[in-house]
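These are the residues of each chain, in order.
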Amino acid sequence: MTGAPVVFVVDDDASVRSSLKFLLSTVGLQAETFDSADSFLQKKRPDAPSCLVLDVRLPGLSGIDFQRELAARNICIPIVFLTGHGDIPMSVRAMKAGAVEFLTKPFRDQDLLDAVRVALDRDRARREKETEMAGLRRRFDTLTSREQEVVSMVVAGMLNKQIAAELGTAESTVKVQRSRAMEKMQAESLAHMIKMMQKLQAPSEKAS
Amino acid sequence: MRIVQSRKPAKTWSLLGEVRKMPSEYEIVTTKLHYHYKRQPAPFELDPNAPINAWYLRYREGSAFQADAWDGFRDPHQLTYRAYVERQAARENYLDNLVDEFEGRNHDAGLQRQWIEVLDQLYLPTRFPIHALQMTALYVGQMAPSSFITNAAYFQAADELRRIQRVAYRAKSLSLEHHGDLVSNTHTRRRWEEDAVWQPLRETLEKMLIAYDWGEAFVALNLVVKPIFDSVFNVKLSELARAHEDALLALMLDEFELDSQRSRDWTGALVRYAVVQRGANTALIKQWVDRWQPLAYRSIDGIVKLFGQAPCPVKPEAVAEKVRAAHDAFLAGCGLDAVAATQVTPIAKIESEKSGIDAIGDMVAWGAHFCLFYETREDLLDALISYCKSGLKNGEYCLWVVTEPLTIEEATAALKQAVPDFDRYLADGCVEILSANDFFLQGGKFDRKRVAEAMVAKIAGVSARGYAGVRLTGDTSWVTKKDWIPFCELEDGINEVIGNQRLAVLCTYSLAACGAYEILDAVRTHQFALARRQGNWVVIETAALKRAKAEIKRLNEDLEQRVVERTSDLMTAEQRYRVMIETANDAVVCMDESGAILLANPATMRVFGYEPAELIGKPLTVLMPELLRKVHEDGFRRYMVTGQRHLNWQGTELTGLRKNGQEFPVEISFGEVTADSHRIFTGFVQDISERKQAEELRASLHATQGELARISRLTTMGELTASIAHEVNQPLTAITNNGSACLRLLVNQNLDPEVLRRALEEIVADGNRASAVIARIRGFIKKAPAEKSELDVNEVIREVLALVGPELQKNRVAVRCESGKTLPLVLADRVQLQQVLLNLIVNGIEAMSAVTDRPRALVVQSQVEESGDLMVAVRDSGTGLSSEADRVFTPFFTTKANGMGMGLPISRSLVEDHGGRLWATSNSPHGAVFSFTLPAAGSSS
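Protein sequences, first through last, are from chains A and B.
If you want the working numbering, it's the position in the first sequence, counting the first as 1, plus 1248.
If you want the working numbering, it's the position in the second sequence, counting the first as 1, plus 138.
Quick caveat, the hints were computed from the structure, so don't treat them as lab data.
Treat the hints with care, as some may be off.
[To be verified] With a straight-line Cα cutoff of 30 Å, these simulated DSS-like cross-link-like pairs (lysine-lysine) come out: (1) B:K345 x B:K453; (2) A:K1291 x B:K531; (3) B:K443 x B:K345; (4) A:K1344 x A:K1377; (5) B:K619 x B:K596; (6) A:K1344 x B:K531; (7) B:K531 x B:K596; (8) B:K948 x A:K1269; (9) B:K948 x A:K1292; (10) B:K926 x B:K948; (11) B:K691 x B:K756; (12) B:K583 x B:K619.
[What the hints assert, rightly or not] Among the chain B residues that face chain A by a calculated CB cut under 8 Å, a handful are: (13) R700; (14) V701; (15) S878.
[Stated by the list, open to error] Pair ranges (Cβ atoms, derived): (16) A:E1317 x B:H840: 53 to 59 Å; (17) A:E1317 x B:S1047: 43 to 49 Å; (18) A:A1345 x B:D1024: 44 to 50 Å; (19) A:S1273 x B:H840: 57 to 63 Å; (20) B:L881 x A:E1280: 38 to 44 Å.
Every value quoted in this text rests on a predicted model; they were computed, and no experiment measured them.
Just so it is clear, CB atoms sit at the ideal spot from N, CA and C, and this is done for glycine as well.
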């Protein structure tokens, strides 16, 4: 269930907010505007791909600090930075911290829209990734503990005979457990199973 | 209740009395160090008859050398103890280095033996005479009536001591290389006391040491003996030393000559001062100079002979000649050359004429009316012949009225015999002989009035013919008893008639015809009477005669006195004016009606580069650039014809032309005087090149200050660049967003006119917003000169706060404005006031940037003070000021890593330019307060 993509605009200047909203609307994008980082944080995130268009200079928290704050809160939302003055160190820091784009005002409309597109795509991809992962994890959770053990050993490359010997059960039991796990995981082939397991076992990826 | 009166705090120089501006260091430390000059009842607080008081009263207060105010004299070098010590310490250093240098080169060993001999005779004994010069200088200083003179004299004494110790040093070092006698006191003293060449100088010096009168001591020492001595022993001896390759001695003596020059400088200044104070001082000084000069010259006569005995000899006469010339030049420089005798038209003395009668001798005055008593005809003839002869010889007209027993023929014959060319006189009508009948008794009667009128007419007629005078003589024998009294009245009347005519009347009376009464009457009515005594004519003194003679004598004496005084006054006045013109700093040039220069003063050399003598006779236009000459000539001609001036005679700036062709700015004042029907024009020319330069410097300084302030603004702007860019880019972003959005919709043909209209409205609004920001910034950094206008301070505060808005937000500074209700307007330059406020506010923000434990609050207050001035205070809650609050205003003081430290000093100078003050205090509990005042517009500041 995903809603229409939303672009969150945070800038302290009213005309900038309204003009950005207007511009985004021309490509069919919905925008929600906030005058400060705080007011954005208070709003609940909708269930749709979204991205953040953020001015570096904001009252209260600066844009860069906000970026760090979001990371600290584990909020993964792609950010497009805007700035009234080009500052190379700042832009480098922002990009290193994972910003999608760093634009100086006034910017070409196409540049902004492209950056937003990229950001939204990224968010979409992440959401898809998350959904997928969620599905995998759900399926995996349906496995019994014995089934989980067998699966991990199968994926490690052990023969049934070896697994049976390891676990102290009969090979036939292993075979049965293995096929039941594959069914539950909806794996089509061993290779598939391996890929899924690899995904599940990978260290947690960074959001976005 | 006691009313306490507060005393005005005394200034350091309250001793100088009420002075307008702060006196120089020289004046402060030198004025009125004496309390004893002209102190009453006696200089020192002792018995007025105590010897010391008597001494001063006699030789100082009682000296002929006086001035109305000695305290006005100033040493041209303005030496104070500090200045003197500093200066001479450096000079001693120089000499020490010199000596070291030469000793390092083994200089003394290289000197010829014969030169050492010369030094032994000529140089080493100078310790003794220089000591005498030192002692006399101390005496002059001790006795001087003004501390300014005392100081100059004491420093001179110190200069002498300086010389002496070098002589001693040289004696010792020469003795080490050559022979021990050179340093022996006995040996050198013997030379001084016994060598023939030194004795005249010794005598002069000993006499000078007992010249107790302070004025004479000063003149003898500083005007005569010392300059002549220094001429020989500094200048000439230095030349001699050079000729003998004794460069060390030459250089040392050249150094001491600098001290001598200083002495001559203050001497000349004192002489000129004394002469301006009292013209009589010139004669006094010259008198003293005349007394001491021969002694001084005699003193050096023997010494210069030693110059001729050196290995490289110099002619003694040449040396003496040079010394004299230098001394004459020095005296002339002091203004003591001979004053040209002024042409004084002699006031006519009362002329005297030869009377022809020995007893009278010269008749003391015209208008002589006297009588003569005779016994015999021969007596009468004798006197009268003499009388008339003398008159004819003098070119006077003679009228002889004869009466019985003398006839016209006899008189004529007698005169013909006595006077050569008598016929010619007769023919010319110079002499007339008439009979009493014709003259006195016309128609047989004596009419007094008629006779008187006839006499007057005759005299008038005769005078008109141009005679030197008129002599009358008439006999009175014809007067009868009846006519006697009217005749006496006539005689009385004659005195009035002949009052101031060139007329002499001699009335002859026959003793035979006159009784006692008649004689008395005759004597009474005449100025004096003559009678023959023992064969000689004798003047009988009458009271009237006596009185007249005394009166005349008194008048003549009085006249002589007045002539002398006037001459002296004229000379004094002339001298005074001459001194003024001669010593004026400005060039003074006089020209005649034809435009030729009549005279120029010495300052002309300094100003124009011409010797005054060079300019005499040349046209005034040589002193002007070519381009200006025509203008001057036209203007001058017009003035001569119409009396219209084309320049301001009280002072006009023009351009002058120096001898070397250089043009320079001058200020000239003109004057005109008519003398002997000649018109003379005077110009006082002041070289104002320096003044012009100073004006230019001031103007460029002003420009530089303006530039500095502008750069400071630029710098501040630079520091706020981020804020500025941000502020401008916001509206620009909105504009481009709105514009692009509309274009996209257009492409999609999806543009609602209403939407478009709203978008365009926003674009316009944002565009204006952007240009307002730019305009504000441009206004802040533009280069225009300060333009004061009436401003509302609160408005300016608001503008500045708007400018720094982003900064305040970024730094999370809360700002609050507190303003008095009705503030007066101030007269100020908007940009400069913004600059000051911006500086203070930015400083405040930065001061709080390190603060984390308390709120960052900036308060800007504006209020009216009691004095009517406006006060603005910027308070922050930052790190506050260190103990020396005022240090922050010193240029280049900054606590910022990147700061230049110029903001506050510039702000302070901008505030002060507007007539206000800027200062810093501590805020409580934390932070600092920067406050400034400005006078309200319309207030007289």
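Against the structure, the hints:
1. B:K345 x B:K453: Judged against 30 Å, a Cα distance of about 29 Å means the pair holds.
2. A:K1291 x B:K531: Answer violated: A:K1291 to B:K531 is near 148 Å, above 30 Å.
3. B:K443 x B:K345: holds, 23 Å
4. A:K1344 x A:K1377: holds, 23 Å
5. B:K619 x B:K596: holds, 27 Å
6. A:K1344 x B:K531: violated, 140 Å
7. B:K531 x B:K596: The hint holds at about 20 Å.
8. B:K948 x A:K1269: holds, 25 Å
9. B:K948 x A:K1292: The given pair, whose Cα atoms are some 27 Å apart, holds under the 30 Å limit.
10. B:K926 x B:K948: Violated - the C-alpha atoms of B:K948 and B:K926 are around 33 Å apart, more than 30 Å.
11. B:K691 x B:K756: Between B:K691 and B:K756 the Cα gap is close to 51 Å, so the pair fails against 30 Å, i.e. violated.
12. B:K583 x B:K619: holds, 13 Å
13. R700: violated, 98 Å
14. V701: violated, 99 Å
15. S878: Holds: closest Cβ of chain A sits about 3 Å from B:S878, inside 8 Å.
16. A:E1317 x B:H840: 53 to 59 Å: Given a distance of about 54 Å, which is inside 53 to 59 Å, the answer is holds.
17. A:E1317 x B:S1047: 43 to 49 Å: Holds, since A:E1317 and B:S1047 (Cβ atoms, about 46 Å apart) stay within the stated range.
18. A:A1345 x B:D1024: 44 to 50 Å: Since the Cβ atoms of A:A1345 and B:D1024 sit about 47 Å apart, the hinted range of 44 to 50 Å holds.
19. A:S1273 x B:H840: 57 to 63 Å: At roughly 59 Å between Cβ atoms, B:H840 and A:S1273 fall inside 57 to 63 Å, so the hint holds.
20. B:L881 x A:E1280: 38 to 44 Å: violated, 24 Å
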